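**Student:** Residue numbers (my numbering), protein chains in the order written: chain B, 1 to 113; chain A, 1001 to 1112.
Honestly, the hints are just simulated from the structure, not real lab data.
This one's a predicted model, so the numbers in the text were calculated from it and none came from an experiment.
Chain B regions said to be covered by chain A (calculated; three or more residues, Cβ under 8 Å):
(1) 37-45
(2) 50-59
(3) 88-96
(4) 102-113
Covered stretches of chain A, as calculated for chain B (at least 3 residues, CB under 8 Å):
(5) 1041-1047
(6) 1097-1109
Glycine included, each C-beta is placed from N, C-alpha and C at the ideal position.
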Amino acid sequence: DTEVTQTPKHLVMGMTNKKSLKCEQHMGHRAMYWYKQKAKKPPELMFVYSYEKLSINESVPSRFSPECPNSSLLNLHLHALQPEDSALYLCASSDTDRGFRLFFGQGTRLTVV
Amino acid sequence: SQQGEEDPQALSIQEGENATMNCSYKTSINNLQWYRQNSGRGLVHLILIRSNEREKHSGRLRVTLDTSKKSSSLLITASRAADTASYFCATRRSYNTDKLIFGTGTRLQVFP
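Chain B on its own, in the form it takes in the complex (with noise of 0.2 Å):
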């Protein structure tokens, strides 16, 4: 299982609501990664996680909180975003075999409006 699954696949949100996204892997890959895509553009990186501790914060807002609830899921909590913050979000996970190469979900598409 090479797969890493990301829900939902579109998400539409209000500015004062609070919304969660999912990612799962079984790869068994120690590293999991959150960034955020806006239209081309490449991906910028938002938080990294290994062994399921907040190894990386790229100096990311509070309205975006990660959580990594065992090594198999990692979440993205939004509360108050705002219109700039749609974009696509993916999530990837790595390991230290094969150079760390990542393997990326299908992302999230996210409206805030």
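Using the hints provided, position chain A relative to the given structure of chain B.
**Tutor:** The following block gives chain A in isolation, referenced to the frame of chain B:
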């Protein structure tokens, strides 16, 4: 901040032609990777080249790395319409970091 810049930003070719994309980066690296992204979907890893390697091949893909110039190129030979996608280089600065930073990307269009 982005580590890599790619050129061209966009490339249009006919099926059967070769496509070359270039990536330049700013700091020393442990490895450089190339990814492909079909419109609005997740990225797929294509090939990884380590800092002590100069060239790698995988099927119709050829990647070169010049650490003295801090640049890499991806060559797709005998392109197909199905190769239409965005291509990104990504760099990892050292062996002990999980941080992978993506370049600006090249949008490739292959016409049948």
